[in-house]
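Undergrad: Make a model of the complete structure from these sequences and hints.
Number of protein chains: 2
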Amino acid sequence: MRYVYNFGEGRTTGNASMKNLLGGKGAGLAEMSLLGVPVPPGFTVTTEACLEFYDKGRISDEIWKEIVQAVNELENFSKKVFGGKENFLLVSVRSGAPISMPGMMDTILNLGLTKDIIASYKGSDKEKFLLDCYRRLLSMFGDVVVGLDNEDFEHALSEVKERAGIQTDSELTVENLRELVERFEEIYDKNGKIFPQDPFEQLKDAVEAVFKSWNNKRAVEYRKIHGIPDDLGTAVNVQEMVFGNLNNRSATGVAFTRDPATGEKELFGEFLVNAQGEDVVAGIRTPSNIKEMRLVFPDSYEKLKKVAAILENRFKDMQDMEFTIENGKLFLLQTRNGKRTAYAAVKIAVDLAEEKIISKKDAIRRIKPEDLVKVLSPTFDLQEKKKAVTEGRLVTVGFAAGPGAASGMVVLSSEKVEKLAREGKDVILVRNETSPEDIVGMHLSKGILTARGGMTSHAAVVARGMGKPCVVGAEELIIDYNNAVVYSKNKKIAIKEGDIISIDGTTGEVFTGAIAVKEVSILDETVPIVTTVRKLLSWADKERSIKVRANADTPEDARIARSLGAEGIGLCRTEHMFFAPDRIRKVQEMIIFDGERRRIAIEEIKLFQQGDFYAVLKEMDGLPVTIRLLDPPLHEFLPKGENAIRRLALELGIEYKDLSKRIEYMSEINPMLGHRGCRVGITTPEIYKMQVEAILEAAAKLTREGYSPKVEIMIPLVGIVGEMQKIREEIESLIESFETDSPVLIGTMIEVPRAAIIADQLAKITDFFSFGTNDLTQLTLGFSRDDAGKFLPLYIEKGILDKDPFSTLDKEGVGELIKIATNKGKKSNPELKVGVCGEHGGDPESIHFFNTLSIDYVSCSPYRIPVARLAAAHAQIGD
Amino acid sequence: MRYVYNFGEGRTTGNASMKNLLGGKGAGLAEMSLLGVPVPPGFTVTTEACLEFYDKGRISDEIWKEIVQAVNELENFSKKVFGGKENFLLVSVRSGAPISMPGMMDTILNLGLTKDIIASYKGSDKEKFLLDCYRRLLSMFGDVVVGLDNEDFEHALSEVKERAGIQTDSELTVENLRELVERFEEIYDKNGKIFPQDPFEQLKDAVEAVFKSWNNKRAVEYRKIHGIPDDLGTAVNVQEMVFGNLNNRSATGVAFTRDPATGEKELFGEFLVNAQGEDVVAGIRTPSNIKEMRLVFPDSYEKLKKVAAILENRFKDMQDMEFTIENGKLFLLQTRNGKRTAYAAVKIAVDLAEEKIISKKDAIRRIKPEDLVKVLSPTFDLQEKKKAVTEGRLVTVGFAAGPGAASGMVVLSSEKVEKLAREGKDVILVRNETSPEDIVGMHLSKGILTARGGMTSHAAVVARGMGKPCVVGAEELIIDYNNAVVYSKNKKIAIKEGDIISIDGTTGEVFTGAIAVKEVSILDETVPIVTTVRKLLSWADKERSIKVRANADTPEDARIARSLGAEGIGLCRTEHMFFAPDRIRKVQEMIIFDGERRRIAIEEIKLFQQGDFYAVLKEMDGLPVTIRLLDPPLHEFLPKGENAIRRLALELGIEYKDLSKRIEYMSEINPMLGHRGCRVGITTPEIYKMQVEAILEAAAKLTREGYSPKVEIMIPLVGIVGEMQKIREEIESLIESFETDSPVLIGTMIEVPRAAIIADQLAKITDFFSFGTNDLTQLTLGFSRDDAGKFLPLYIEKGILDKDPFSTLDKEGVGELIKIATNKGKKSNPELKVGVCGEHGGDPESIHFFNTLSIDYVSCSPYRIPVARLAAAHAQIGD
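First to last, the sequence lines map onto chains G and H.
Quick note: the first sequence uses the numbering used here, first residue 1, plus one each step.
Quick note: the second sequence uses the numbering used here, first residue 1, plus one each step.
Source of the hints: derived by calculation from the structure; they are not laboratory data.
Keep in mind the model is a prediction, meaning the values are calculated, not measured.
Accuracy of the hints is not assured; some may be wrong.
What the hints assert, rightly or not - Okay, derived cross-link-like pairs now, PhoX-like style, lysine-lysine, Cα gap no bigger than 25 Å in a straight line: (1) H/Lys824 / G/Lys819; (2) G/Lys640 / H/Lys657; (3) H/Lys126 / H/Lys224; (4) H/Lys826 / H/Lys803.
As the list claims (entries may be wrong) - Pair by pair, the computed Cβ-Cβ distance ranges are: (5) H/Asn191 / G/Phe738: 48 to 54 Å; (6) H/Asp621 / G/Asp480: 54 to 60 Å; (7) H/Ser737 / G/Lys640: 49 to 55 Å; (8) H/Pro102 / G/Gly595: 55 to 61 Å.
Think of the CB as a built atom: it goes at the ideal place given N, C-alpha and C, for glycine as much as any other residue.
TA: Quick look at the structure:
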């Protein structure tokens, strides 16, 4: 035989490696047979037969002869006759492509049953069973082979049940079933179709239907989207029926070799006594937990456990098995790698490695880095969330910008957040978008929801940095600040300030009302999954070559980062410290005043900063800490709106008019391209001077106390050699006057395209480059990340962009600039250290790209460090 | 002799080519002698002697020997004795470096005069003359050789005159002069100095002083700024004195061979009878017009005319000559290329070429392209402007953003401009900055003044495009819109709306009150200078290889552009047409409404656009016209401020609240990086569809009428291949349905850095690139041109940047991207046409750079086309 491969005890001609020829399901059935797992016998028609079918336009005589011969062999093996009245052989027909693919014809059960066979059991115990099998065959065959409308069959079934006054299919009497079969036959008639009474004709039609389904619209589209070649073809599996619905010693079920939710190593699944496969899926009767099988079918349960071990060992992964018990005998119908939660995936991969079933490298490869964040984030109770959806409480779905789940009262301003949070209230900050002024409010919120912005808007970036659940770009929400109400555009839902909502930052969902949250703390090593993750990451660390640092601004962030494995701080944003309530006033004085009052304000800020730097450097003792000098435009520190300005004017003792004019003068049309970064360092040199002195003083103090601070000073937004030169000279002269022992590196962020282009010149006077990929992306593409939400989603929908370039690095454009700059920079200064400190530093796909360049380290928010460590290992060992 | 070269009739050993050795002045004197021009005899001590002086720290014996010998030869030649009591020889000593350089010691006259000589003429006619010469010698020598304070001499002179009750120096009696000499000697005494009575000692000290002045502070700084090498050294010219103050048959004067203001070919200058050189400069007596010399000194006048012709012929340029008439005999003291106005420069260069004195290429080389704009712009009457300065009416000096001069009443809003301009008033629009809504207002103003913005702010760009005088970035002005007053920050000047001001866009000056304006129309060929400019440009056109197109949005612009020599339109901004009062409402309807009302609005706009394109294409018949599809963000077309929004809501019949929410929703944080350009084309495809249809319909109509429209459709802000692909496909399908004969090119602006990086891919589906260097500069440097005014001036002051990158292309950064993109693009698509349509397309230095790349054309505002044509010729033939 060339086009047909048998399987079943002692008659198996295929194996697991023949997936391309036999399809996934066929290869699995063959392999199970070889392993001695009880499988109903049958045969697989190969994918080559499918291709031959497309070539010829019909099933060739040669193939059909092989199929008929295979049926004959199956008859001999099972000692049954296909179409025979007694001891009749019924089969299932299933498709099985090399790659699992939705949209194709799935299953026809009970094939081979005819009216003649039923007639010969008329009045016997078996009649009802056979009629039930037959009506199922009629509808399945009608739907998937003949192309009748399944609705018609469903409709007839409902009518019969209604007229008989019964709820479930299993209550159907013989009479009901007879009527149903008649009604089903009428459907065939009405459409000018006939259900063939020749079993071989049934089989031929069914095989052809499977072949044809390879090219139906959904399948073709699926292949197109997923890049699956069109010339693979599908196999067809023909298998003797076993009946879980034969009697009470029969059952059907699905089982996982390990818990797909928790990863625990124990059989997991459910079964239904006296039922056929679809009944479990249909959910009409509630199935029993698989553990109860131990009582009801103890032998089968033990057998299933053994089978589970055999299959895991063979397929080297947790298996999802379909089984049937017929008259107390266990049969496996299918096995495949089981789907699982992120949580279970981690647990299973690590366990399998420790059980020596797979290698540690494989364990690393199996975990999507992103899954680590999910594992370590709080989640909603699944049942409660389902309930909320059912109750219509899902308001909208925005971008899932910060994983985790949170419930709390809606608060529309950061000031109110501060007040309510101090009263112990759980609050969700809801804004059109956030700005640096909201930092404290965000910090005190349980979660953040914005109506605008994308994955790297201010809200998203800061929330991820804080490890807060965050949903952004919920564009359907309309926030009416004046009336303190949030409206949903379509659904006419009005959420008042103070109402409770729940946001899922892992999915982007926004709900009204509360949903219970399950918390996980990555820092709590008593939590088993935390230990497991840490084990996996320690394996990953041995493989990766790219270092991982953290973007951390506070001692708390630094501590978390270090405990999550950060090998330094790649970005410490000094200005985030400016927004603390006790400091912002001083910062405002520094900006507003000239001369002596400015000098005094700067002195006071310097004391604050010195303390900040001292604490951060102490936390990171011995590890490099890259401190970025002031970056945002100064106007970001000044209030907006008349009331706030009036308040500040009063506090500073100046005229409202003067202050308001000053603020108006400082405002910018495109702040992103404005007077910020080293431009402020050039125009107001006393600020950088103050910051550098604060850094050096902090480092000197630590050195005196026996610590080893490793300071790297980073100058933002450099695009011109002269900027770097001027500021470096000033810093160096300060360092000289300090006479510190520990060397201080001076580097620049590369975030302006021009800096990348002149990297060779810059590198000569620079100790390190750090690619600020957020701003570099904004400038290279000309996208404002605060505004791009208006067109980016459509760009991705229309395929103009594959991904949000603020989440995953645009390799062709931004990546090319990074490559040019890295090559030029390292060539011109071989000592140059190169890192990445944008959002992309924590994105696995981007890390893969960075790993192809001579990038020394990536830096990301503390909570993404596990992701980055794992992704860096992936990049090195291959996925 | 090695260190000294004689000059004078029959004794000249140098010539004009020996500038490096003899300095400019020395070489000129030698050459004049060779040409038979009457020059008082003398000799030049070389620059090598100067270097030797610096080497030895003193004048070596060898050099001094040569100088003494040269004096002896001069004595023999003039038959006078240096230091002799009768027939004494007096000389002048002047510095003369190879490159003219301010700050060095200039001139000492009457050297060689001593008290002995004067004593021997005591009581004679000559005594007064000699005393006058001596007191001059004492003060000049004291000032520049000895280092005494010139103020002391001036003070003494004033006192003596005051005591004698006389006004002018020439009224000084012998007694007065004696007293003065005594007072001067006291000044020497008081400072412990002595005026040497040995003429050779005077000479040695003077020569040494000249050498030393080569390294004085001002000279060193000047060389540093202008990149002149420090090791050139200066020469010293020693020349027999001739005395214009000898008697009434004597005179002194300066003359230009042509009029330095108008370029007319006739002697121009002034002279003073019975006077010495400084008297003309001192301005105590009013000199006479040179033409009067014809009557007073007819022979000398004729002689001077001949000399002028000889010198022009020799030096091939208009000459600025100093002369003295002694006893009726003419002597030339100096000749050099004369400074002139831009106007005269053009006239002279063209005339000299036509007189075959210079080649046409040289004529081209001699005119700075920028000067053409000055020549063709209206200017203030010079006398009136001087008067305004004297009267303290100069308020401030901003950036000279649009050449030309204008007076008019201050108006603070475009609406008011429209009203007043219709009443026939001359108005100057004064704003903090302008926006596209101000287009009409700007068009109706005589000039534009903004308190903010740089050379490429909206106001500057649009004003230059319109050829309007414009001053921007007058940061000292504070505009109080509420009270309709403009304040000057420092000078406490308050200009009320309605007051008259005058702005000079060629210099950046802002005056209160009116100043008379002299108009020039480049289109008026009856104006002689216009003919001259056109002649020069026609020569330039033959030399250049880069083509010149215009940025023109209206038929008027197109007509002007064509008449100024545009070879096509490189940028026709379709949206500028949207702001016309009869259209903006429809545009707003298109933006605000969906469905049917939008469709209707779009249909109406299409009619407008079709008419616009028809007219522009007709004007440019046969020449390519690049039409850019909509570029600005849609919110730019919507009103700002509650009143305007309320008005629009009322007109459109919608709720104020809804409209205001819509506008709020559309607002952007960084509009430069926002939802604009092809992004709008993708999200709202009906707008581009409408525009393309309007273009195609206009072209089809013209073709039917026998015209040859050459349409190039340009898609703005492309950064991603998919953007170009999608829009190109849509345009192509529209073209197909139109079945036009004439080919339509489809290209893209390169203004996003990413576009430059992926130029190879873009070029494959693109017929032309046009570098939008304004936006490309903004994005490559990360500078918002609207905001950069806060730090750019300081950057240039501190030398971080050489020039404003919005005026002159940043070659290292932006230029490198342009180079990459041009090379990649042309390699991938050899048919690709490449142009530049940013502001830099009209900047000479940038054009030089573009000429080094494979750029096919530049495009600039109509009024800059002459500049671009000339600059392109310069780039090709070398300056």
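Undergrad: Decide, hint by hint, whether the structure agrees.
TA: Evaluation of the provided hints:
1. H/Lys824 / G/Lys819: holds, 17 Å
2. G/Lys640 / H/Lys657: holds, 22 Å
3. H/Lys126 / H/Lys224: violated, 47 Å
4. H/Lys826 / H/Lys803: Distance ~30 Å between H/Lys826 and H/Lys803 Cα, so the pair is violated.
5. H/Asn191 / G/Phe738: 48 to 54 Å: About 50 Å separates the Cβ atoms of H/Asn191 and G/Phe738, which means 48 to 54 Å holds.
6. H/Asp621 / G/Asp480: 54 to 60 Å: At 56 Å between Cβs, range holds.
7. H/Ser737 / G/Lys640: 49 to 55 Å: Holds, at about 51 Å.
8. H/Pro102 / G/Gly595: 55 to 61 Å: violated, 37 Å
Consistency note: the structure conflicts with the earlier hints numbered 3, 4, 8.
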